[in-house]
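Residue numbers (this note's numbering), protein chains in the order written: chain A, 37 to 264; chain B, 871 to 1586; chain C, 138 to 217.
No wet-lab data here; the hints were simulated from the structure. Any given hint might turn out to be false.
Said to hold, decoys possible - With a cut-off of at most 20 Å between alpha-carbon atoms, the simulated EDC-like pairs for lysine to aspartate or glutamate come out as follows:
| # | chain 1 | residue 1 | chain 2 | residue 2 |
| --- | --- | --- | --- | --- |
| 1 | B | Lys1310 | A | Glu71 |
| 2 | B | Lys1314 | A | Glu240 |
| 3 | B | Lys1199 | C | Asp164 |
| 4 | B | Lys1540 | B | Asp1431 |
| 5 | B | Lys1310 | A | Asp65 |
| 6 | C | Lys139 | C | Asp172 |
| 7 | B | Lys1314 | A | Asp73 |
| 8 | B | Lys1199 | A | Asp158 |
| 9 | C | Lys201 | B | Asp1431 |
Each chain, letter by letter, is given below.
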Amino acid sequence: MRTAVVVFPGTNCERDVVYALGVLGARADLVWHRETDLSSFAGVILPGGFAHGDYLRTGAIARFSPVMDSVKAMADAGQPVLGICNGFQVLCEAGLLPGALVANRDLSFICRPVHLRVESTDSILTRSATVGDVLEIPLNSYEGNFVVPEADREALHTVLRYSDAQGGVDDDANPNGSFHNIAGVANRRGNVAGVMPHPERAVEDLLGSTDGRILLESYLASLAPIHV
Amino acid sequence: MSEPIHRQLGMTDGEYDAVVGILEREPRPAELAMYSVMWSEHCSYKSSRAWLGRFPTEAPWVVVGPGENAGVVDLGDGWLAAFRIESHNHPSFVEPYQGAATGVGGILRDIFTMGARPIAVWDPIRFGSLDDPKNRYLFSGVVSGIAGYGNAVGVPTLGGEVEFDDVYAKNPLVNVMALGLLRREQLVLSAASGVGNIAVLLGAATGRDGIGGASILASASFDEASAEKRPSVQVGDPFEEKKLIEACLELYDRGLVVGIQDLGAAGISCATSESAANGGMGMDVDLDRVHVREADMTPGEILMSESQERMLAIVTPEDLDVVLALAAKWEIDASAIGTVTAGPQLKVMHRGELVAELPAASLSDDAPLYHRPVAVPEYIETAWATEVELDLRDVPNVLLQLLDDPAIGDASWIYEQYDHQLFLNTVIGPGHDGSLLRIKGTDKGLAVSTDGNGRRCYLEPRAGSARLVYEAALNVAVTGAKPLAMVDNLNFGNPEKPGVMWQFTESVEGMSEACEALGIPVVGGNVSFYNETDGVDIFPTPVVGLLGLADPMPQSPPRLDRAEDGMDLWLVGDDERDGDLAGSAVARVLGAPHVGRPASPDPAAARSAVETALALAHVAPVLHDVGRGGLAVAVAEICIRSGVGCDLMEREASSWFEESPHRLLVATAKEDGPPAASAKRIGTFTGTNIDFGTHGSVSVADAASTWRQAIPRRLH
Amino acid sequence: MKIQVEITRRPGLRDPEGATAARALRDLGFTSVSDVHFGRSIVVEVDGDDRDQALTDVEDMCRKLLANPVLEDFTVEVLD
């Protein structure tokens, strides 16, 4: 049960994702964005980075990459599709997830660990966690500020929110101005998810936190289609 | 009558005569442009070369020493590290964002040119006081440029250091160091070889960016109006560089390049001549094959353009199609622009016309070499004869003033804008003494520290420069890494002033002595002269970049945030030396006259401190070099980061702020006893105050809030 | 009064964002695209009715803050 990790020109977290999945005992292969056939993969991850330099808008050019038709097909088939950071932005641009990610409230890049509270376990990103769990995961983005049009708010499926270390969700715990402190969302079905912070950066004690494991383990546990 | 063209290009009459001597004729315009740039101080090191031979450069683990794009050292088990340091001072003053950004791009190319994947960048930066809006603009622009380029190109920035002093107001220093990792078999050198092999230009289109010697080009065929349009600011494109990195690394993996060279100063003319000369060959270059951004560029412009994100690869004719296809896959442009010849001539054609024909090696090998006059500057005698006088009795208050200093205060405003975690190697990131990166799949770790101290070097260039080496060595040693090799960035004023040359030669001597004492080879460096504005030179500001190897890496390396209530605090190192306040942080922060003579280092004490740190790094939870601001600041840093107070033993007020070298702070559990024979207990971690006994105390909370606000409060 | 400011990259300077967008457009089948140039548009609202003074002021604002004279050119125009 292999995972495809998509590489757009400008993607840079692809090797980290493959490495982190490897730490968890899973196999993943890099797939160039011009690839059109993902049929041999059970799931796909769009990793972080700067696809196409983030020029124009983040994700705006990447959503037209040839590989995206297959990504959409996998999403439709109920297979797990996970976007991390820039990958989340691409999934939003591609219409697979609601909302968009815009420049951080303070207009500066933020690279530091943040706390996330699990809001829903009905997704490929959180199914192995428990609602209310607080995870410490590194954030690393300039355009991490989640916005969503009024019309889409009702149906929003929030899976992770920025919180303090005790799980308190308020403005002080919101690093980038995201709507409702949202750090991760999923589609209704739960098989397509996006998360702004980087779970793959938190799988080893040596590097400071292992809280990302439960999120990646959730993804791996979903590798068989979740709604048969 | 206007000046002769060569003088407008900054060439002396003697240098021009030398060109005529080499060519045995008057140079063509494009040739003169090439010599003028290649023989500039920046490219030829003509004022410094005579002295750089002083550096010790050899050790059994040195694979590539000075002279290539980056130094390379052996880490064992088939692993090599490539690293280099560069400056982008002037471009960053003209346009801080692009200047800093293109500095990052340039240093990365130096690393992947060697076959290495760049894994980390450090940025030692220096500005005028943040009280001045112009300096705030430069500072925040430079930080965003480093972040904007580094984050997008996908190489983590692990920190660096920052200083503020008005001597840098009109001449900020923006240095950048990069580190790459490679397997031994991946090492690539720049030399072109094999007659008939093809030179392929890879990457961005060539435009009119940063062309040196614009006046000769104008005089050749341009009127004033078009010259006006010629931009000199180089614009970086991290996206192009990212593609270029991946494409080049795949070229190496598949064994498709014979040699490769990045394009920097003097662009195509430098890359073609250097790769030909390094291989003892010549090259025929056809400028019509270069992919250009604008159709009407002159041959001189194409040759001298400093457009960023370009590489010149030498490949065999058989592999050419594969190379071009690989470039297309990575979505970068590539053109075969030249052919390697038996030499020694570099021949350049443009629209069927010969525009340059010169011995390839003459651009580098025949460059002028100057032994400029050296004399002790006048300020030294007075400075050395004057004592630093400071009232340091109110220890808590002086400490708070130091913590409020933006060079000492929390630097997270800077480094949280940098992606410092990418590649999952960062064991110790920014905000500590040295950075520590693990090498995946091994027990090894690589440590790096960058260190500079212009104020101290101004008062005592030899001792000050030597102490940088010792300080850097201690900074890597506290992570458990043995100092392995060094690069240096020598930022100095105008070398035509004998006083500046004295600072320079003393500094080289000091660093060399320290390197010899610790057995550290120098594997590369950069000299940046003419850092002067309105006739005022910057402080002599050598910056060292030291690489250390931890093998094995400590399981749990010491950190500043691991002190706990009940632990003892120990000082290791000579605590009896005379006070060292000349050139110190406290003297600067309290506005004392810039006088005195900083203490000379003690090589034996330095070695012993490094040895002790190396041993303790495997057992001590906290191990911290005593640096800027002395003991008081070092203790406060541990207390703030660990969130615990400290009861300190009595000592003379001034001794809390003196910066005597070769000292370490160690925290250990009470039952562990002294961490080293020479260790002296100076306190116990407890409570919520940093308590200086009869000198008073300050709460950790107050110290922390002052420290955290030191940079932000000056920017908002 | 509303003053429209158009900020463009100085001629000859590299525009990586434009070049990337041009490549993507060609990939999407717009093969006639030879180049794309990015700029910025700003509207400044000023009090008073002296058009010349307003234009002079806004030009000054451009030089001091709104544009980066090292990299960018600008034009100003009164919007009716």
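A quick look at each hint next to the structure:
For the given pair, Lys1310 of chain B sits about 29 Å from Glu71 of chain A by alpha-carbon distance, which is inconsistent with the 20 Å threshold. In summary, the hint linking Lys1314 of chain B to Glu240 of chain A is supported, as the alpha carbons are separated by about 16 Å, within the 20 Å threshold. In summary, the hint linking Lys1199 of chain B to Asp164 of chain C is supported, as the alpha carbons are separated by about 13 Å, within the 20 Å threshold. With a CA separation close to 17 Å, the supplied pair Lys1540 of chain B and Asp1431 of chain B stays within the 20 Å bound.
A hinted pair counts as satisfied when its Cα atoms are at most 20 Å apart, and Lys1310 of chain B with Asp65 of chain A qualifies at roughly 19 Å. Of the supplied pair hints, the one linking Lys139 of chain C and Asp172 of chain C is violated, its CA atoms being roughly 31 Å apart against a limit of 20 Å. A threshold of 20 Å between alpha carbons decides the hint, and for Lys1314 of chain B with Asp73 of chain A the separation of about 39 Å lies outside it, so the pair is violated. Annotation: proposed proximity of Lys1199 of chain B to Asp158 of chain A is violated, straight-line Cα distance about 39 Å (limit 20 Å).
Of the pairs offered as hints, the one joining Lys201 of chain C and Asp1431 of chain B is violated, with about 44 Å between alpha carbons and a cut-off of 20 Å exceeded.
Hints 1, 6, 7, 8, 9 from the earlier list are contradicted by this structure; the remaining hints agree with it.
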